[in-house]
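Colleague: Fit the two chains together into the complex; they arrive one by one in their own frames, and the hints show the way.
These are the residues of each chain, in order.
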Amino acid sequence: MTQSRSHASPHLSQQPRPMGLFADYDVGGDRFFDEVFGTDGSTREHYRVLVDRLRSLTPQDLDRRQAIRDRIFRTQGITFTVYDGGERDEGIERTFPMDLLPRIIPADEWTHIEAGVAQRVTALNRFLEDLYMGEQAAVNDRVVPRWLVHTADGFRREAFGIPVPHAARCLVSGVDLVRDVDGVYRVLEDNLRNPSGISYVLENRAAMTRVLPLVFSRQRVRPVDHYGPMLLRALREVAPPAAGEHPTAVVLTPGIYNSAYFEHAFLARQMGIELVEGRDLVVDEHVVYMRTTRGLERVDVIYRRIDDDFLDPVVFRPDSALGVPGLLSAARAGNVTIANALGNGVADDKAVYAFVPDLIRYYLGEDPVLPNVDTYLLWEADQRAAVLDRLDELVVKPVAASGGYGMLIGPHADDEELARFRTRIEADPRAYIAQEVVSLSRHPTLVDHSFEGRHVDLRPFAISGESVEVIPGGLTRVALRRGSLVVNSSQGGGSKDTWVLDGHATGDG
Amino acid sequence: MLARLAENLFWAGRYVERAEDTARMVDVTYHTLLESPASEVGGSWAQLLDVLHLRTAYGQRPLAPAEVLAFLVLDRDNTGSITSSIVRARENARSVRELISSELWESVNDLHLDLGSRDLRRELTDQPYELFKTIRRACLTIYGVASETMPRDDGWRFMALGRVLERAEMTCRLIDIRYQHLEDLAGPSRRLVGANAERPRGADRTDFHHWIAVLKSASAFEAYRRRYRSSMDPADVVEFLLLEPDLPRSVVFCLSSAMHQLQVLSRGRPSRAVRALGRVTASLQYRDVGELFDLGLHDFLDTVQARVADVAEAVADEFFRHHPVGSMHAIATA
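Residue numbers (my numbering), protein chains in the order written: chain R, 48 to 556; chain W, 17 to 350.
These are computed hints drawn from the structure, not numbers from a lab. Wrong hints could be hidden among the right ones.
[Stated by the list, open to error] Among chain R residues calculated to face chain W with C-beta under 8 Å, some are:
hint: 1; residue: A312
hint: 2; residue: M337
hint: 3; residue: R338
hint: 4; residue: T339
hint: 5; residue: S497
[To be verified] Cβ-to-Cβ under 10 Å is the rule here; a few derived chain W residues that face chain R:
hint: 6; residue: A19
hint: 7; residue: E107
hint: 8; residue: R110
[As the list claims (entries may be wrong)] Anything over 12 Å on all C-beta distances counts as not near chain R; from chain W, calculated:
hint: 9; residue: G58
hint: 10; residue: D66
hint: 11; residue: R113
hint: 12; residue: R168
hint: 13; residue: A298
hint: 14; residue: G312
Just so we're clear, the structure is a prediction, and the values are computed from it rather than from any experiment. Just so it is clear, CB atoms sit at the ideal spot from N, CA and C, and this is done for glycine as well.
Bound-form chain W, shown alone (with noise of 0.2 Å):
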């Protein structure tokens, strides 16, 4: 297929992804902070902005609710708020129309043309827990429609690829607030959890409370305590959440079903993607999550974000650049 249209499905597919993501982290850090201090307020709307990136864009504007879900939801000059995210996919697709089902291009549409007719300011105030849920609801049906309507060509390999390697690096985002939230209020020398943690399994009250709401917005509430059934523990969420063989918004998930589309994409070739692709996989895959605690968290989580960031730059080289005119025997011959 052509270079261009499969960088745009890829692109398309990480967009509406980011929209989803960034609507279920902007929902469970509003949601926990309304029953917190209000000392902490701004703090974790300050962290929320670090681990997406957007402090530097954020810039000096005053740490308050309305101010940071107004950035993150509806500024267009914002790339990365849930708004920019939407007419992003909305453009992509648009561009791959003739590649993609009607179905799905009407459903993305759909979503770019429902927002536009809302006050989403005034939701945002009132009832922002209802526009995260319709943000939600409209992502995961792009993708039941893309997943019923659409061959499994490269096109949708490419697209569900850009999807679960944004999910993955989204789901590190996820955890890293919550536990940056948990090192703060303990402070930097006691150690938490881990192989040789301090104090005894298991949080306080008020955290309990938080970490349900971090799998409850990765959908992994339920299945977090059909697989444990013990009371919350932070370690537990942690391992569920990145090393989960069978939970769709795990890290690990995400990298192998990465790695199913690379495989089938390479033809059997072995990539520069894949390999740094089985590199990220394997440094988790053997992991006890006990260990990676003892690593620093926070620091693991980020470098497996630099290295799915790594994998999706070896995908744009192999696949999508233009190749030079010098080169190009070889490749239509290869």
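If we strip away everything but chain R, and leave its shape as in the complex, we get (with noise of 0.2 Å):
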């Protein structure tokens, strides 16, 4: 099989579509692309073994199943943080709604997401060196304007001259994927800061395997969890060459009221390795130390889950506790390396992220395995004004923003809101891009007793040390409000198992 046609395939047997559960489950026509049945009904083949298993369960054993999952993960904490601005200010704990039916990606089509991932971070990681390390040759040879690049949110001048070994300076990217009309995977946004989710790709497996084992038995899933040892084995591999062969490296966290708190703990659990907030770690003579209970122990790698503008209150916000002063120094200086390197924000803007496919040519001289969605960049005077004129149909996003806040979707926004983007794009077009509605693909989800079709995305995990790996899967994450887009967990989004099927074995072996 090859790979050019794999990823649009519809691998359709001859199934007829199962009754009872899904007895009343709308595919959506050719308005979208569903994950397990055809436009006619059929089930896709790799999605055979399991919606079998399915057609033998009633609704209340799907009920019982999914109060396993609700138990397991209130029980084991497994939450994210909400502000809603309360009065003790602490947040509300939510468990991240995991659902029960799994996406499943067959093995010839994840052969395709990998190599086009491992593409994409690859030639990330060439230009983030180019522009702080290099000679910013990406940006002399003109393949991305140099006002653009120094207009960037992310972009920080600070970051000039701080080595990062093999060049890995998007230690973890999460690349995020949605899938058009016609099947095409196409890449939605690159996240190169500190891209949060694998702990629930992790705990999402073994809540899976616990819930639903027989399906497991039946098919072959590639494995998730030897992620922590290849997370710590890259932390390894950048550390500063003078840290011998057993470097120490952490995890810096911001502590246990930021959202991402479980993870970060996950993640150092996974990794035996020390958790740490910035108040455990000083700088003396440009050398990084952790507070122990027997004094003070050099630090070599710091994995953190800081934003940039709070690492270093000498060279950032003073009025920052979260970080460590100094912090920078030491890895100017060579003796800490930084993960994921400072100033990276650059390449993850959304202005920045239209002339990604252009880098891929440029410092890979090759073809882009998987496109962009098509996107227009608003300071191009045509291109605003064809934006402006079809605004209802388009979607509008700022350059800087995560977590799905701040955006315009043409189709589903009244005339003011449509008015106020008009003034605001005009006011300022570097801020904004536009792209094509994407109708992002839909699976099966159990809403109320029954499946009904749900957006979803993808966001598979790059690790980049030596080399770049992909881990097998990543988060599906899925839009829960029906018709709605947004995905986001802090927009109240859920998540499913996502399984890539080991390319030997068969449906039934």
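Modeller: This is how it looks when you write it as structure tokens:
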């Protein structure tokens, strides 16, 4: 099977659609790509084992399993924190809803995704290294406009001259993919700063093996639990050369009230390394130490989950108590490696995103495996005019935001909102991009005792050390509200366990 | 290990123990009062608040059982309440999740969730005994899970150290509640027990019942019976709870267990914490209980608590406090 036809191939079998739980299921016709069923209602082959199994379950069985899952997540405290500005300002801990029906990706389709993600991350690492440590060749050769780079929110002059071994500047990256109406995977955005969600990938899997063990035993699903050791290996690979054979790596967290604290603790536990806060670290003579019960211990690599601006109050925000005074001087002296590297935000700026396919061609001399979503640059007068003409058909996003905040979804917006965005775009065209609406693919999702189609995306995670590796699967996020295209957890999204099938196994072997 | 995490584990140990012991003390007070004359009730609750050092925090509220119970069990603004202790134990455990076993985290979190989902106010009115039993049992489960799932590393030792230091203090308080009551009944002039006691050993019948309750609340009643076989005697009970080297809740037992943890943590260095702990242990170990009564048991118990607090302070200085940068080369190479 060749790569080119794999990602769009429907993998249809002749199985009729099962009745029961799926009796009223709407496959969406030609409006959406359905991950499980073809437009004629037939089950895609890689879902056959699962759908057969579900056919033997009643809605009560599903409820019971969902209850088991909820209990597992709740007693283990697998939560993220949402802030509503309430009295105590402690935030509310919520469990991240995980749907019982997993998303399944066949082996050949995964090969395609994996190649595309690795290619993209490799080019982005090259770009960042070129920008902060090299000659800025891509800028000099006008692949990306110089002014665009310098006006990006995530661009940090302070990062010039801070080395990262192997140029692995994006030690962990999350590349958000969506599937369009033809089933083609497209890149929606890159997350190169502190992408989160990997803990849910691992916890979802652990929960699914307990809730639906039988389905697992009938097909070969590629494991994900080597993530911890893999991340630790990469962290050690980027240690400063002087660190010796056993470098000390730590995870740096803002603390227990951070929304992703669960993940920070989870990763530290998976790797068996210390989870530190800024106040646990101290810099002396450009060397970083952590305060232990037996005195100070030298630290070589910091996997930080704190944003650039809070890392070092000497250089950035002086009011920040989260960071470590002097940390950047230690990094610049080559005594500690900070991962992900400082200043990565310049490359996941949503306007720079539009240039990533060109960067892939420039640095690697290859065509991009995964296409972007069609994107319009609003400082170009003709593109801007065209966008403003059909604003009610497009999506507009602020270039530096994340978490799905501050977006305009044209088809769902009222006149007032459209007018507001029109004014904003005209005032500061650099601050926004516009994209064609992608009719994200849908996946059956358990809603009130039956399955309904809900839009999904996919965030595969890549790890850069000496080389770039992609974890099989990733986080499938689900827009839980009917018709919604917003899948972010901070906006009430859910998730699905994501299975990559082993290429050597067949359906029911 | 990280100083901050060691401190969090130490306090997680303390808070779970505090929740459990507070439940024990409230339980014993509540149930002995059921059989006491109404006139004693307010005074007994006041004594309990005194012993717990919570009288000021309680303020001018009426000393009615429902009020005091709500204050000691539910009140989030009372940092010494059972609920507050459990919330803090959980917060400390949550911040050291990567260090403790997931079973331990789950058992702490379970207790927190369980209390959050119950109508505690109603249970305190209807069935306080059941509630206290649930809390005590959940705390014992937490220790059991910790003991069976945690490697004996420094983290474990700091948690165990926090627990036994807290318990030593709390056992002193448990004895003190009953003893003060005994003194009040007798009046200041009369020496009830001790080397020069005026009256024959052995308490009267009501008091008998109260000392049994004290022993039970320290899970020590059966052990006491086997050890002494005689009738209930305040001096014997105090001796047992303070000085019995083999009783897990006795003060001497807790202190020698603390000494064991501290010596391992100090790696044999003679530290201020070890010395402070040695002193308070010695002040108990070779004492005759009659002597303690002659000295004034209440003052003696107060002194022991103050010295245990000194030990905790020395532990914090030695292991948890953030060393200034100037002194760090000396520390790093020590």
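Colleague: Please go over all the hints and tell whether each is borne out by the structure.
Modeller: Results for each hint:
no.	hint	verdict
1	A312	holds, 4 Å
2	M337	holds, 6 Å
3	R338	holds, 5 Å
4	T339	holds, 6 Å
5	S497	violated, 29 Å
6	A19	holds, 5 Å
7	E107	holds, 7 Å
8	R110	holds, 6 Å
9	G58	holds, 34 Å
10	D66	holds, 30 Å
11	R113	violated, 4 Å
12	R168	holds, 15 Å
13	A298	holds, 26 Å
14	G312	holds, 38 Å
The structure does not agree with the numbered hints 5 and 11 stated previously, though it agrees with the rest.
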